[in-house]
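Peer 1: So the sequences go chain by chain: A and B. For what it's worth, our numbering labels the leading residue of the first sequence as 1, then goes sequentially. For what it's worth, our numbering labels the leading residue of the second sequence as 1, then goes sequentially.
Derived by calculation from the structure, the hints in this document are not laboratory data. If a hint is listed, it holds; no wrong ones were tucked in.
One side only, chain A facing chain B, incomplete, derived with CB under 7 Å:
(1) L50
(2) T60
(3) I61
(4) R65
(5) S67
(6) D70
(7) T71
(8) Y75
(9) Q81
(10) C82
(11) G85
(12) K92
(13) R93
Straight-line distance between alpha carbons at most 25 Å, and here's what the computed BS3-like set of lysine-lysine pairs gives:
(14) B:K547 <-> A:K28
(15) A:K23 <-> B:K547
(16) A:K23 <-> B:K277
(17) B:K554 <-> B:K455
(18) B:K333 <-> B:K547
(19) B:K337 <-> B:K554
(20) B:K547 <-> B:K277
(21) B:K216 <-> B:K277
(22) B:K547 <-> B:K337
(23) B:K105 <-> B:K125
(24) A:K28 <-> B:K277
(25) B:K455 <-> B:K337
Backbone N, C-alpha and C fix where the C-beta goes; we use that ideal spot for every residue, glycine too.
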Amino acid sequence: MKDTTHHNHKQGFAGDETPSPAKPPLAKRLLRLAIAVFLITGFIYIAPNLERLPGGVGETITIIRESGIDTGAWYYDDVEQCFEGMDFIREKRGMNR
Amino acid sequence: MAENGNNDNVVTETKVSMWKQMGTTEDWWAIWLAGLLFIIAVFCVFTWKPPVEKMPEYRATMNQEMEEAGFRTIAYTEAESELNSIQARREGLTATVHGLTDRPKGWDTNPIRSLYMGEEEAAAKRAEAAPRLEAAEERLAEARAQAEAAEDAARAANFENPELNAEARAAIADWRQARSAHSSARSAATTQAYNLIPSLIVLGFVMMVFFSIGVKFMNINLRQFYTGFPVIFALAVLAYLIANQATLSALGLSYVLWALLIGLIISNTVGVPQFLKSAGQTEFFIKTGLVLLGARILFGQIALIGIPGIFVTWVVTPIVLVTTYWFGQNIIKVPSKELNITVSSDMCVSGVSAAIASAAASRAKKEELTLAIGMSMIFVAVMIFLLPLIANVTGMHPVWAGAWLGGTVDNTGSVVAAGELIGMEAMYVAATIKMIQNIMIGVIAFGVAAYWCLKVEPERACGIGEEPMKFTAAGALYEIWYRFPKFILGFIGASIIFSIMQGAVTPDWGNAMVSDGILAWANRFRGWFFALAFVSIGLSINYRELKEPLRGGKPLILYVCGQSFNLLLTLFVAWLMFMVIFRDITDQLMAGA
Chain A
1 MKDTTHHNHK QGFAGDETPS PAKPPLAKRL LRLAIAVFLI TGFIYIAPNL ERLPGGVGET
61 ITIIRESGID TGAWYYDDVE QCFEGMDFIR EKRGMNR
Chain B
1 MAENGNNDNV VTETKVSMWK QMGTTEDWWA IWLAGLLFII AVFCVFTWKP PVEKMPEYRA
61 TMNQEMEEAG FRTIAYTEAE SELNSIQARR EGLTATVHGL TDRPKGWDTN PIRSLYMGEE
121 EAAAKRAEAA PRLEAAEERL AEARAQAEAA EDAARAANFE NPELNAEARA AIADWRQARS
181 AHSSARSAAT TQAYNLIPSL IVLGFVMMVF FSIGVKFMNI NLRQFYTGFP VIFALAVLAY
241 LIANQATLSA LGLSYVLWAL LIGLIISNTV GVPQFLKSAG QTEFFIKTGL VLLGARILFG
301 QIALIGIPGI FVTWVVTPIV LVTTYWFGQN IIKVPSKELN ITVSSDMCVS GVSAAIASAA
361 ASRAKKEELT LAIGMSMIFV AVMIFLLPLI ANVTGMHPVW AGAWLGGTVD NTGSVVAAGE
421 LIGMEAMYVA ATIKMIQNIM IGVIAFGVAA YWCLKVEPER ACGIGEEPMK FTAAGALYEI
481 WYRFPKFILG FIGASIIFSI MQGAVTPDWG NAMVSDGILA WANRFRGWFF ALAFVSIGLS
541 INYRELKEPL RGGKPLILYV CGQSFNLLLT LFVAWLMFMV IFRDITDQLM AGA
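Given the sequences, and given the hints that come with them, work out the whole structure.
Peer 2: Following this line, the structure appears as structure tokens:
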């Protein structure tokens, strides 16, 4: 088989499909979907109860939630406290003057 | 150039001219579209300009007050507040577009609150918050009177009496706290009804049209793209909605994880129809998001904490990265170099953002990126609790602890949350260290792309048992240029342009016009593009494909060993820098605490 392409390396994120085996019947697939949706919904439903966990864990979650910090943000410009931190450092180091 | 010795599976490379690539590949279209977004943002920000001419006056007041008193006085605080309220994103069309890109809001028990709140409920909330506002107003007036009295006494002594200064500082800190409580009570007491659904529909449509420009030129079936995109966008909204549940958000379970999970569930249960696959242009979304991310890599911020900050981030991090990658290749022998570099970058640079950049630069498989991000999120959720606990129990100095957290915890939001559990100074130092480390993503992405072009790709291109292709001096540059992932140029280019722009103006002007103007748009759109990308990744992965890179638990061993080394080395270097060699900087940061 000869493949003509302008990339000779392996394909990235989107292009490495592997042939999938025969699909199970629709009813079975829908059942699997329903179970997955049920599990995720259940997890989200019980999530607030994680704040009742013993050993200081629940208390810590509550402190973080009440602080309003976006803990899931993964880059600094999504986190307000980073800009406050910059101001704090600049001020303490006399960089604003 | 034909480079695969296996006779039945020869991959022949036909060179495509650069001009053609510029019009037909997602790398270039990511640059064009991100560039278009920046141009529109610059136009709006300069057309609907905030009152930047007032800023020097506020800054002069702040400087004068600081010069006289040596601490934040009442006039300083008020001028600072006025200064910070000058933001281009609050003006004209800039504000409209910024509002359009709103993400679903936070919620506790009712997910509908994330998208909709009726007038009746808003009125009930306002009524409920009214007594709190009243109490906050009283408290504010009282704190203000005390702060004024204490400041006047200190001023009367020309701020030369340490006792009066300390009293004034404490009273003003109390007033500032009362201001903050009042502000929060006021926003609760002025709750407005909202309905994000229409604006989300418009946003989805705008993004569909935006990406369809590139899709058309990239020869992707436009009709299928138009059919599938709304579904992918709806799933991205769902990912944001779940991530904004208050407790899940506190645990750091970000929209990225939910987007992947939602996509994975669909693709592994009911399956993904062709039109959805056509719309799920993972690389296109991710690369456009990365070019926008580049604009936030501002090199001028590197020196914020001086040499100790640079050591903890720009010296320790590369050492850990190279050591972990070497360990993965030579000791535990991770089967895929791309998986190795993606996990290593994710673990030691800055979590999700570094993983995305490294995976895109090395052309890692989507399941490799998924695995790296999944592991990172699980470990981060543990580290948020464990590291502050260690710091508090052992009585670590807040600056040292902050530097340790900033250098090791993967995602910025989690770093700040962990810092909050130690104290304000620790939180601010941690946030700033992480931000300086974030800037390294540009260098890492460029380095990984260059290494893959020079070393990994030529090795892969040669036949089995053959020596890797040797570049001639004349051909080398051309080959590197040809193979180099071009979107990295947009990524680095955006970083350089915005770093120069930010460096050429005053910090206040830069904040008002660039950070809180042009880049505020880039930030919002970037988040949506990545949400689309991660839904698309989930939709294209079969869970069996996830098992392959996990075989033997090697990525897990890599992550645990690399992170342990990172924790120990950062702990030592942060101590050496902040507690021994540059103790003066630590004392500066703690002054008045």
